[in-house]
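Participant: Please model the entire structure based on the sequences and the hints provided.
Protein chains in written order, with the working numbering: chain A, 2 to 314; chain B, 245 to 768; chain C, 6 to 342; chain D, 73 to 417; chain E, 995 to 1330.
Hints listed in this document are in silico derivations from the structure and should not be mistaken for laboratory results. As the structure is a computational prediction, the values presented were derived from the model and not from experiment. Every residue gets a Cβ at the ideal spot worked out from N, C-alpha and C, and that includes glycine. Incorrect hints may have been included.
[Unchecked claim] List of simulated lysine-lysine pairs, PhoX-like, C-alpha gap at most 25 angstroms:
| # | chain 1 | residue 1 | chain 2 | residue 2 |
| --- | --- | --- | --- | --- |
| 1 | C | 252 | D | 176 |
| 2 | B | 539 | B | 657 |
| 3 | B | 508 | C | 176 |
| 4 | B | 296 | B | 738 |
[What the hints assert, rightly or not] Not everything, but these chain C residues come out facing chain D in the computed CB check (under 7 angstroms):
| # | residue |
| --- | --- |
| 5 | 240 |
| 6 | 242 |
| 7 | 243 |
| 8 | 245 |
| 9 | 246 |
| 10 | 247 |
| 11 | 248 |
| 12 | 249 |
| 13 | 258 |
| 14 | 261 |
| 15 | 262 |
| 16 | 336 |
| 17 | 337 |
| 18 | 338 |
One letter stands for each residue in the lines below.
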Amino acid sequence: MSDLTSAGTAIGGAPVGGDGPAPETPETGGKDHNASLWADARRQLVRDPVFMLSFLYVLVVGSMAAFPSLWTSQDPRACSTDRSRIPPSGDHPFGFDILGCDYYSHAIYGARPSMIIAIMATGAMVLIGGGLGLLAGYYGGWVDTIISRVMDIFLSLPFLLGAIVFLTVIKRQNPYTIAMVLFLLTWPVIARIIRGSVISGKDLDYVQAARAVGAGNGRLMFRHILPNAIAPMLVYATIVLGAFVAAEATLTFLGVGLQPPAQSWGIMISVHQVYFLEDPWLLLFPCGLLVGTVLSFILMGDALRDALDPKFR
Amino acid sequence: SGGGNDSSDDAAGQAGGELRIYNAEPAFLLPSAGDDEPSLYVIRQLYSQLVKYNAETGAPENDLAESIESTDQKLWTIKVKSGYTFDNGEPVNADAFIRAWNFAAYSPNGQNNGYFMKKIAGFKDLQSTDPDGDGPKKAPEPKAKELSGLKKVDDLTFTVELDTPFSGFPTTIGYPGFSPMAKACVDDSEKCNETPIGNGRYKIEGSWQHNVGINLVRSDTYKGEPGKADKLTYRIFADVDAAYASFQSGELDVMYTLPPARYKEAKSQYGDRLFELAGDSLTYVGMPIYNDAFKKKEIRQALSLAIDRQSIIDAVFDGRQAPATGFIAPSFQGARENVCQYCKKDVEKAKALLAAAGGWPAGQKLTLWANAGAGHDQWLQAVGDQIKAALGIDYELKVNLQFAQYLETADAKKFTGPFRLGWGPDYPYLETFLAPLYSTGADSNNSTYANPEFDSLLTQGDGANSIDEAIPFYQKAEDLILEDLPVLPMWWRKEAAVYSENVDKFVWNKVSDADYGSISLKQN
Amino acid sequence: MGRYVIRRLLQFIPTVLGTMFLLHYITSLAIQFSGNPVRAIFGDRTPPPALLAAVTERLGYGDPCLDQKGNPCFGLFLDRMQKIFSLNPDFGVNLRLRPVTELVSDALPYTLKLLVIAILFQSIVGIAAGVWAGLRSGSFADNLVKISTVFLISVPIFVLGLVVREFVGVKFGNVLRGQEWIPEVISRGVFSPGFKPDYPLASLIIPGMVLGAVSLATTARLTRTSIMENLRADYVRTARAKGLANKRVIGVHTLRNSLIPVITFIGVDIGSSMAGAVVTETIFNVPGIGRLVTLAARTGESSVVIGVVTMLVLVVLIANLLVDILYAVLDPRIRYE
Amino acid sequence: MSTDVNVKMDAIPGLDPNAMPLQVKDLHVEFRTRNGIAHAVNGVSFDLQPGETRAILGESGCGKSVTAQAIMGILDTPPGFVTGGEILYRGVDLLKLPEAQRRKVRANKIAMIFQDALSALNPVFTVGFQLGELFRKHRGMSRKDAKARSIELLDLVKIPAARQRVNEYPHQFSGGMRQRVMIAMALALDPEVLIADEPTTALDVTVQAQIMALLAELQRERNMSLVLITHDMGVVADVADRISVMYAGRVIEEAPVNDIYASPAHPYTKGLLESIPRLDLKGQELSAIKGLPPVLTNIPRGCAFNPRCRYAQDVCRHDPPVPLYQVSSARTAACHFWKEVKGDE
Amino acid sequence: MSDYVLETRDLVKHFPLSQGIVFKKQVGAVRAVDGINLQLRRGETLGIVGESGCGKSTLARMLVGLETPTSGDLFVQGKNMAKMGGAERRRGRRNIQLVMQDPYTSLNPRMTVGDIVGEPFEVHTDVLPRDKRRARVQELLALVGLNPDHINRYPHQFSGGQRQRIGIARALALNPEIILCDEPVSALDVSIQAQVINLLEKLQDELGLSYIFIAHDLSVVRHIADRVAVMYLGKVVEIGTEDEIYENPTHPYTQALLSAVPVPDPRLRGLRDQIVLTGDVPSPANPPSGCRFRTRCWKAQDICAEKEPVLEPQAKSPHPSACHFAEVRDVVHAAE
Ligand SMILES: Nc1ncnc2c1ncn2[C@@H]1O[C@H](COP(=O)(O)OP(=O)(O)OP(=O)(O)O)[C@@H](O)[C@H]1O
Ligand SMILES: Nc1ncnc2c1ncn2[C@@H]1O[C@H](COP(=O)(O)OP(=O)(O)OP(=O)(O)O)[C@@H](O)[C@H]1O
Ligand SMILES: [Mg+2]
Ligand SMILES: [Mg+2]
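Facilitator: This is the structure:
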């Protein structure tokens, strides 16, 4: 009798050479690592200083958005034109803005709309865009045709132009409408990514195996196909999150974004950009915060991509 | 061409050279249609009118007109100087004016400046009326094609009959909307808009390059005082900041305005070459008197008293505005200083007035309105902050309507709170600051102020025999609104222009602003 | 191949029509909910109603369906389509009575020039940087490219544009302009703070570079990964085994395969570059499409918005088609499908 | 035009035409990965006579391909590094040659065929281009001549309608045809040594037979030496002269072909032979090698095979069987108990 | 009637090839499986061999319900699957389970072994109450020779051979009578392959399973199969007991196939009767007329192009062989 049961115990870490894939299907090698993908990725990310720094920064910004009062006790709306554009000092580390409002507390409170917009738009994009992509990829046929054509239509609208048109029509520029417009114009990208992964995923052997066992569509989609598509989506979502933070500022600059007296980094930047030669700090502080956030998200996405991609190990 | 090298070095400077001018994209170059600043800046060089304004005093002087006379301020007889022609050789005569004014007034032509003809008798008959009021597919033809008030006497003489007497009429017709137009121009107005056929000191070279530039050259056929520079080159910018960058790079000779945020810098950098003049454009905060909350004049007075205009001007505009102390531009004949007792910040008095009026409804926010994208939100926010600080009334801004919708809201009287608007004079006559804005039912009376006493004072002023006689009536009318405050006057724009080292003598007309044709360049 | 192109072209039709309808509906909604855009041309002066009505009629905003909130105005849409797809395409006029086709034909050349510069800049510099970094993964060069590109991506383009205009166009330009020996094309053309009619191409170089900057970063990053992946490909190993020089192994056998995804990206990116032109054109005063459409959207000139965006969408789609064809040229596996 | 024109091998100092075409001595290769150092090749030695066929046998991951790549000098560096040993071509250590000279040896003197012909051919160039490139870069031929030669080559490897097919792309060929193209490419410059890395693994048996027959024919015609890498005991039995069996990056047995099949001297070789289903054993349980191949980052101490070996004793767990035991004049084996293994039939 | 646990009658699968710009029209079909009649007896192993692309996997996929047949019938224990109602069909399907080729790709990397093996119970909830499932999964793991304590491990923590055991355990979960193995060992190393084959044989003995065993490797098939069917281009060309096929092949294709199998014995070198076929397998979208093998056949005559030979015993073939000139030829033992 063969002594097979003992074999399992001999295995510790991830097997390397001996367990390599069959010669006919070399590309499946990466799959080896998939299950522990997240565990592995986490381990690698924790060791990655760039990721940890970015993560920390995002945490800080996140807490500004969630609990601004932790960071400042000043009321950002207590303004007096007498203090217009007074440079930074000890009590007021960012100085005063053009209307004589405390710039530091404005920056703290300004984090919230930026984050709300970015998170809501990304969330909607992931849920709805992802969902449509899943349907299109999974069912194919006319479902795919319809969803793909609609995707084409939204994709062919250049992003900023589309945003300008939509927002000038909507008129009510608050974080929610802006998030909605950003979502409307970008969902096809995620839908495409998911659709692609689903199409390549639905013919994977293990999906077929589950189908052979009799698993239904829901089970196949949510248990087997989707989890595999999540990694590329997550990577993209992080990067998009950063892009949305920046987009809020650009829309404000173009005059279709948030409007004062709302507070956001975009407003801070676009209101004060004209003073950047005279009082550069008025531009530097919000820009620094913004660029830091975008940078952090992008770097996080990058690190995530590297960590999740077996090719880069 | 047009060499001035042989002539002596006179005080007005030498002729010659190319003047590079900042401009925004004009709406129209047709004098009957162009009513915005960028259009007027070009049209004034392309067309000359019956009357021009003295650069220093702003007083009207005959230009194309030989004489403008009336005995009753209602029927005016105008004689045109002979010998003037359009660029295409057509004569500038009585017909040229009648033709132009009819063209402007006939509503199916859709000319913006038709509005200026409305004092002329018969104007109503040129307007198509909509019988059922909700717009059938095609508006019916107006009753008449020509203004009954315009009559040709002879080749160079015509009469203008007004609906009601108006003493300021000769002053108004210096406005470019009253320019004469060539027959060829009226026949094909679209082409004339692209390649104007003018009668002024300059004529167009090529045609209008939209969004890029407009090139003018001195007209050889112009019989009046010729322009100084050989060429006027308008460079078109969509963004003042971008234009200022070009100016700083030496690509422009004149900018008639400055980006607000660069004023201080320009002042220190260009010194003398920064030209400043108290202007005559009013920014005001209108009061929706149709809204219950604003019916009491004490409320309006209290709001006005809560605002420190100078401090806002310093913070937001770098001091580039002059606080309003009355309703008539200080530079206008008949304007008085410091007549507005509610235009200075006085928190105590404001509180007292508010209390007297029964206070502000608790919990209700004051909604401040402005149109989007024009940079009004900053100062409006400061106004709100000050009201909040002084009177404890919290505010919100409603600044997301595009201009069209904003104006429709104004027309429909749907503002729920103070609203920002502006007013620029149509002609250098103080009536322009009163009648259109505050007389009962006037077109631009957005606050729906109605005061019969005010109206009758205006009528008396309009019918007076001379300007000097008219002024006291207008001033009395101003006194009424100074007390009632249908709008809170905020400030008068200060004109600030910069010009380059190439400019020898910079000329600014008190009424028609930068006079490019009179600006001379240094010759080397 | 021909089939492939025809199929792609036919696939455009629903997309273009769909996009046009979307825009038509949005702009109709705008008029229905926020009123007649024509009012704005009279400014602070309230026009006599007759005049307003006359102008409205003339500009094509008189359709009664524009008064009914939510009405998709199919009739108006069909009218428009008929005009657009007739022999003399008519996209209507703007509020100043200029035909939209004319507006676009005036503006498009500037935007296209800007785009070409942007794309050239982004491809040449981006691909060069990407190859440089990809060949030396983990080295200083790699990290430099990695970091500088992320940084480029995270700075909002209008901040970048402003800084470039002030410091490169004005400040540095003024230094150059003080220098006699520098040719004017350089000192007054290239280093000008914005578009200049006297140097219609030179003065677009810097704005084009700003426009290309963001995509440049992505191009560089994409090239880098692509190169890194392809260097490991079996056929690259074959090329080495054939005793070819390193230059050839990389220049011929690696690069062409690596550039396929890059080219796809650049093609797809043309759309967003067009959009980026909105900001760049504003800052550098380029009289192009971006500026045109921004202003039109603000004033609610629906005919302009529809016309311009439709034409842009066409440009984008045609660009995509070209890229697909190029793709097929580069990758024979597609060509013979 | 090219610097590679008219390769003069005599330019390489120390070249001895009488020495063996290929000799590998104690080759070590390691991969420095994030998960640690993988010792892919740990002292591989073998030599090759002119016209000889040397088979290298071993299961997946034992380092066969890496050895071949190290010989060709086309390892992925990083992460792969040759850390020791010599690779002698006619007495010259290739590892010590400057890259430019080494490049001339490739394809000219030592050529290689890869396992997966589809991925080994560049998908974006025609077959003709990829073949012609060799002549153009190494022989300085014109495009036209190179093409003519390419067609000849395709004919040589029995591709029908070579004249048309030379302009086609790899994906337009079937698996067997692609492998023929690879062979043509390897033979283009008349190399003395051909390394074939699992040339038929991806192919059907019928096609495999075609390819093996072709290779044998070409080898015979040109008196070429062949290194045949495979894991198929059957293929080897048909063509090899000598066999090296590899396990965990080492050659654990080296012998003439008949001896190995008749009496393996290493328990691994023996296990391999026994696990092949055989006619005479039909109905019986197959004898399997228990356990798993080692992880290369963590090779067991002593003899790498000891955890799976039924002959293993304490000595196997401590002392690696180095140097190899001389089993007979022409045979070596890396087993302390080779005698027992060999005798234990 | 139900001698057979599984029977197919003229099973056909065509994959449509469509063309067209706007409206797709079918211009042809890949005839992946083109009329196959097979019978599987209880407790028997039927081997299926054939070159790549001949339709083996497609056949297997139809048998387990992953693909709907274009035409033809499938009987499971004498009942026609096509005529069954939904619930009954589901129950019928349970009887046939699949072991896939590649153990590296056929297990969801994100599920634990317990989830994978237990998935059939989640899908067919009526089989086993929830609380018993875990114990059953552990039993199954033990049955296939895995440590039941490893139930919470992930597939990547196992070697190829062990993973294939997981796949087998999953197939066994619903107590099927038939297991379809689509090249279950071709992805495994030689040394591991034997372990899996041994396991399959052991399970058949213990559980009385019937196997359909698809493979490239003719020696493996011979080792495990009782009967063997040889497929070529979507058709069975020869079928018989293992002895009949290996010792007395009568179809030229079978002969060529067998002769091409390398024999691990250098002593036989040069002595074997090797038939090297020329040319490639024709495309299944456009198979040759008449006998499909005729383009590569050395015996081909005019009749082969005109008349399609039927699969039945021929004059010189005691077992069914689809060749006009079927004739026994000993290729395996040529030397002896
Ligand atoms: N580029 C690489 N990076 C890291 N490890 C590598 C690399 N190439 C090969 N290896 C490792 O080196 C070891 C030997 O690999 P090699 O390719 O030589 O195996 P092989 O014997 O050819 O197997 P097969 O039969 O599967 O082709 C394996 O463990 C493999 O994982
Ligand atoms: N979904 C499909 N659409 C179109 N053609 C298909 C599809 N699936 C399989 N085919 C074709 O049907 C034929 C038979 O394929 P199948 O996978 O059954 O072959 P096979 O005998 O299993 O081959 P292998 O030994 O390579 O696994 C092939 O030509 C294949 O290209
Ligand atoms: Mg290998
Ligand atoms: Mg198969």
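Participant: Next, verify each hint and record whether it holds.
Facilitator: We went through each hint and held it up to the structure:
1. C:252 x D:176: holds, 15 angstroms
2. B:539 x B:657: holds, 14 angstroms
3. B:508 x C:176: Measuring from Cα to Cα gives roughly 18 angstroms; hence the hint holds.
4. B:296 x B:738: With Cα atoms ~22 angstroms apart, residue 296 of chain B and residue 738 of chain B stay inside 25 angstroms; holds.
5. 240: holds, 4 angstroms
6. 242: holds, 5 angstroms
7. 243: holds, 5 angstroms
8. 245: This interface hint holds because 4 angstroms falls under the 7 angstroms limit.
9. 246: The hint holds - residue 246 of chain C has a Cβ within 7 angstroms of chain D, the shortest such distance being about 5 angstroms.
10. 247: Interface hint status for residue 247 of chain C: holds (5 angstroms vs cutoff 7 angstroms).
11. 248: holds, 4 angstroms
12. 249: This hint holds: residue 249 of chain C lies near chain D, its Cβ roughly 6 angstroms from the closest one there, short of 7 angstroms.
13. 258: holds, 6 angstroms
14. 261: holds, 5 angstroms
15. 262: Constraint on residue 262 of chain C satisfied, holds at 6 angstroms.
16. 336: holds, 6 angstroms
17. 337: holds, 4 angstroms
18. 338: With a minimum Cβ separation of about 5 angstroms from chain D (threshold 7 angstroms), the hint on residue 338 of chain C holds.
Of the hints listed earlier, there is not a single one the structure fails to meet.
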